[in-house]
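A.B. asks: Line order of the protein sequences matches chains A and B. For the first sequence, the working numbering begins at 1 and goes up steadily by one. For the second sequence, the working numbering begins at 1 and goes up steadily by one.
Be careful, since some hints might not be right.
To be verified - The calculated lysine-lysine pairs, modelled on DSBU-like cross-linking and capped at a C-alpha distance of 30 Å, are:
(1) Lys122(B) <-> Lys5(A)
(2) Lys76(B) <-> Lys3(B)
(3) Lys6(A) <-> Lys162(B)
(4) Lys76(B) <-> Lys5(A)
(5) Lys335(A) <-> Lys162(B)
(6) Lys162(B) <-> Lys5(A)
(7) Lys131(A) <-> Lys68(A)
(8) Lys335(A) <-> Lys122(B)
(9) Lys122(B) <-> Lys6(A)
(10) Lys209(A) <-> Lys131(A)
By construction, these hints were calculated from the structure, which means they are not laboratory data. These numbers were taken from a predicted model, which means no experiment stands behind them.
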Amino acid sequence: MSLMKKSLQNGVARIFALPRLSIPLILTLGLTLGAVLSVIAISSTLLYQPLQGVNNEQSLQTFEYRFKMSETLSVSYWNMNRLAAMRERFAEMGEWAGISPDDQDVTINDTIYPTTSYAASDNILTVLGAKLLLGDDVTMASPGDYIWISESLWQSAFGGVKSVLGKQLTANNQNYTIAGVIEDVMAIKSNQEILNQQVWFISNLTEVKLLPDNVGVIRNDIDFLLVRSDNGNAQLPTLAQTDEWLVNYITDNVEGDNRQMFLDFLSNTNKEVIARSFRSNLLGETEGLIIALFAAVIGLLLMATLNLLNIFIAHYQSRTKEFAIQLSVGASLLKVRTMVFCENLPSFILAAITGLLMTGWALKSLPIIAGDSMPMIDAISINVTTIAASIAIVLMLSVLFSALALVDIDKKALANNLNSSGKGIQAQSNQWLSRVLMVVQLSIASVLLTASVMITMQSYQAVYQDLGYDIGNSFNITMDIADDEYIAQLRDWEQYQDSEVKTLLADVSTLIENNVADSNVIIPDFAPLSASLQVMAFQSEESGQRVIYQIRSLSSKFFSAFNMKVLAGANLTQAQIDNDEERIVIDENMARTMFPDLSLDEVIGKTINFGNSPDGPPSIVNGIVANTISQTGIAEPLGLPAVYSHRINGGSNLQFTVMLPEGKSMSADMFETELKRQFPRLANLQVRPLTEIWLQQTLNQRVSLWIVLLMTGLTLFLAAIGVAGLTQMTTNHRKYELAVRMATGAKQMKLVNYILKDALWMLVVGLGLGFIASVFTYQQLEQQLELLPSFNWLAMSVLDLALVSIVMLSVIMPAWRVISADPMQALRQE
Amino acid sequence: MRKVVEMNNIHKRYDGQQIETHALQGISLEINSGEFVAITGPSGCGKSTLLSIMGLMDSASEGEYQLANINTAGLKVDQRTQIRNEHIGYVFQSFNLIDNLTVFENVALPLEHRGTSNSEIKQRVEQVLTQVDMLHRQNYRPNQLSGGQQQRIAIARALVGKPDLILVDEPTGNLDSKNGDQVMALLEQLNKEGSTIVMVTHDSRYSRCANRQIQLLDGRIVTEQQLKGVA
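With these hints in hand, go ahead and build the complete structure from the sequences.
C.D. replies: Below, the structure written as structure tokens:
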């Protein structure tokens, strides 16, 4: 049998015969490869895979124009009317289009299909390059009564028959005629998952342009505009150009006093334009995340490699004589290295297989981990790139590890190795290399752990922060008002006191309380924890400053039910609400913003003039409550002052917050039939506990918390087994020296101290370098990645303390094992 | 007669932290094909160093060395390895057999590295194992053998490549007198069959088995004595 074949066989046998070498290799490299390959699979898909349904990617750019309400909240200004105007003004730059995805249930032949709905401009197919498979083009005149469906919906709901054209489907209680079938378009930026069952609502921009637009409303109708140019690299409008367009747009669309008011508001609010490539827009924050993950896993891989290198170097040191013999009988350096390569290969292949299995498992868990926040999530899988990367990494490492096999051999003086007894100091002639590797490893661990701990703390604080209220056993009930006429009727604010919306809310509340035992409708609107946010602005008469605030609703039992602190004054009584008094409750933030020089008690009774808006709330401050956080799971709260009004707006949907006694639960079934009977114009009833909303809002942060904790654990594990492995091997090699020391009177504890002292400098240098690198690298990363929190010295100190403890333990435990196993035996051998 | 070893003014120095050790101080010698040369001298006189340089396991600090008419100066590591493989068989005092290989595999190593065909390896290994009377142990591992048997395997490994020169470092140092005698008898037999042998020993009983004896002291040749004629 050839030596190479024999080496391969040895390698297979070694997996079982040398578990101290093979298990750390397979586990460490397997786990790390799992992390690296997962990131490679994600990034290769997200960065390079063709986008399904978007065939013009190379010529596409996106353009955002956002109003920054606060440091953490910005809202897009775009809707179809504004797109139509923009398209005309900047036509020379390319073809402008708009698309906005949303979740939409549609009914076809009495079956409900969950779909992604696209509200898009009539030039969308030309701009995206998506194919119309069947039927009329979306450019048809008056497309409002028609709907286009995706290929997948066509297949699943209609079996792919051509006679689908002209058939009806129902969405939002309205019937639409199917005008065509479009290929599945999956690559559109969205906060929700993009389903392959899709419906398209098309707006004819020429017709839209003739319709009035309420220019003062900014509500993210379309998140970004698309621009298709010849080379995909058009010089898109600057902020100044877009601002200038906005002024003209307002001037053209508003008359009278409102014009100046809107101009003041819009021009005095911070704005930003963001122009980028289509893919960059699609990836959004994921792009930064990929870079961060890449940095992290490469750090981990580096750590794992150094770690294993140390173990292997120690292993090779124990085989120095064997290699020297091979060389002495005529094996070339290359041949010995190739033999070592063959010997290592089976373990490395097993590590690669473990890595791929880990990757498969991680990618399978990705939808659970990343939720809807990652684009193209369904397309991410172990692909050719991933497999090629795993082979390349494993081969590279195998070659590197084999190359180092002869590091301890004096090739020009083989006699040194051949005549050495293998005892004492000579056995570790290259110990400096192991130590340098260990120092580098500790430094990397320090850098990685710094970032991990900072992100962990940020995620923990975001998830478990004090919201300013107790959720209790509360439930959120939502229902849609489908027809526009009814919505308009409910919005008649001039008639609020006896308005239909007030009656409707009261009647539905009574219906809920009558049908759900022990239920108490706290407010016919949002709870303090809610995904919805209504932001308004006005100019303060006192200071002249522009105040952007969130408008929320109150009821007489709202604050007490959620245990929200009233800091001054009082909530409105039921009588005050019934009388529709011009009174509000504000939060502390609003009080400080409006009346910075007054105490909270002095603010009570003051008046706030919210301007002439007909939607403006009443204005005498009746009470001040503590600040609350309405959307949890985000690192920086929105920080907008809040105004609580008893006047509850009727929009396209209604919300009710219901409290039940502890341990009780409710569901839609309990009152859905009665609701349909009494209020047939209300649809799509949904009931969710607030705890579920909290879980959903905090999902990303909780997942990030666990991922980072896992990464932290893996880093600590790598550092620990690296140090332990090195100590075990070096202590083993120093058995003879230790035995001599023991023979001359050293006690076991003294030997442990001796080894510990020896390891201490590694720790000091490693952590010292790591500390400097951490601070420096973190500051650089912080500038590049917005998602990183600011540096926390306390966390850093705790982390270093933990690392020191782990390293100390990793030194003491294996050293003690060797020392307590009678090193004197070494003296008796040979 | 063909010259196998030609050394001229060989020096070897080891640099310590503060003191320099001058292990060999101008050794010049020639060894012809078929000779059996014993290098003797007290501990630390430079015997093993001289053998290591002769076997290209170490290099001289100064001087010229030609092995089988090949000038060894300035050779790269792999060139030295190849010369060792083709021209030298080395027998170590502590045998230096690889524990996880069988006797057969240990002996076959030089031929494996030379790229010899499997059938030829089998034939040649069996031949040398027969020569050292160890064929019946070919599937054993070194740690299953006695010291004398291990030394015979080491000699077989040195013989298997039909080298121009067999270098033997204290072949009896780790053996009892019975095993030591057997190994020396084997070396004598090999020399009679035509092998050129250079042996380092400090045992005067065994040095007398050689044709020529070179005595070293403090890194220098102090006496050179022809004991008997070359066969």
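A.B. asks: Each of the hints needs a verdict: does it hold here or not?
C.D. replies: Hint check:
For a cut-off of 30 Å, the pair hint linking Lys122(B) to Lys5(A) stands: about 17 Å separates their Cα positions. Straight-line distance between C-alpha atoms of Lys76(B) and Lys3(B) comes to about 23 Å, which keeps the hinted pair within the 30 Å bound. For a cut-off of 30 Å, the pair hint linking Lys6(A) to Lys162(B) stands: about 24 Å separates their Cα positions. A threshold of 30 Å between alpha carbons decides the hint, and for Lys76(B) with Lys5(A) the separation of about 28 Å falls inside it, so the pair holds.
Distance hint between Lys335(A) and Lys162(B) is fulfilled; the C-alpha atoms sit about 21 Å from each other, no more than 30 Å. At roughly 25 Å between alpha-carbon atoms, Lys162(B) and Lys5(A) fall within 30 Å of each other, so this suggested pair holds. The hinted pair formed by Lys131(A) and Lys68(A) fails the criterion: a straight-line CA distance of about 36 Å is larger than 30 Å. Proximity of Lys335(A) to Lys122(B) is assessed by CA-CA distance (about 21 Å); at most 30 Å being required, the pair is judged to hold.
For the proposed pair Lys122(B) and Lys6(A), the alpha carbon gap of about 16 Å is at most 30 Å, so the pair holds. Taking the CA atoms of Lys209(A) and Lys131(A), the gap is about 26 Å. The hint holds against a cut of 30 Å.
In this structure, the one hint that does not hold is number 7.
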